[in-house]
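S.K.: Sequence:
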Amino acid sequence: QVQLVESGGGLVQAGGSLRLSCAASGRTSSSYRMGWFRQAPGKVRTFVAGITWLSGDTSYADSVKGRFTVSRDNAKNMVYLQMNSLKPEDTAVYFCASGPQTGAYRDWGQGTQVTVSS
1 QVQLVESGGG LVQAGGSLRL SCAASGRTSS SYRMGWFRQA PGKVRTFVAG
51 ITWLSGDTSY ADSVKGRFTV SRDNAKNMVY LQMNSLKPED TAVYFCASGP
101 QTGAYRDWGQ GTQVTVSS
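Residue numbers (the working numbering): 1 to 118.
Please note that the accuracy of each hint is not assured.
[What the hints assert, rightly or not] When the alpha-carbon atoms are kept at most 27 Å apart in a straight line, the in silico DSS-like pairs for lysine-lysine are as follows:
1) 87 x 43
2) 87 x 65
3) 65 x 76
4) 43 x 65
FYI, nobody ran anything at the bench for these hints, they're computed from the structure.
Work out the full structure, taking the sequences as your base and the hints as a guide.
M.R.: Set out below in structure tokens:
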């Protein structure tokens with residue numbers, strides 16, 4: 001099992017920026033890829049961005065392309081989500097997750113709240 005702890009959420013005005021961090025510990029050798037997801041009140045959890053530990057390949061939801069950047073620091077077992085040009089519709093609880101090469105993400109953090117005011 002991989003333990004994940006997110007940080008960096010907060011309140012920001014529209015157009016502002018935030019950087020989320022996710023610290024991974026435990027059986028990190030079993031983690032092939034990391035993902036950021038978000039869940040707004042009353043809505044389902046959706047994929048935001050992902051990155052692989054080894055090659056650093058990234059993927060993004062269309063709604064955040066060009067505004068968000070996912071990165072990782074293998075030496076520190078850290079994953080980051082740089083969020084720029086934030087919009088009120090980005091307001092949600094953001095979760096990081098760890099997963100194998102294929103299949104579902106298996107381990108999840110507790111989430112961090114991001115609130116964007118208009």
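S.K.: Is the straight-line distance between the alpha-carbon of residue 65 and that of residue 76 27 Å or less?
M.R.: Holds - the C-alpha atoms of residue 76 and residue 65 are around 26 Å apart, at most 27 Å.
S.K.: Compare the distance between the alpha carbons of residue 87 and residue 65 with 27 Å, and conclude whether the hinted pair is satisfied.
M.R.: OK: residue 87 and residue 65 at ~13 Å, within 27 Å.
S.K.: For the pair we were handed, residue 87 and residue 43, check the Cα-Cα distance against 27 Å.
M.R.: holds (17 Å)
S.K.: Holds or violated: residue 43 and residue 65, Cα atoms, limit 27 Å.
M.R.: With Cα atoms ~21 Å apart, residue 43 and residue 65 stay inside 27 Å; holds.
In summary, this structure violates none of the numbered hints.
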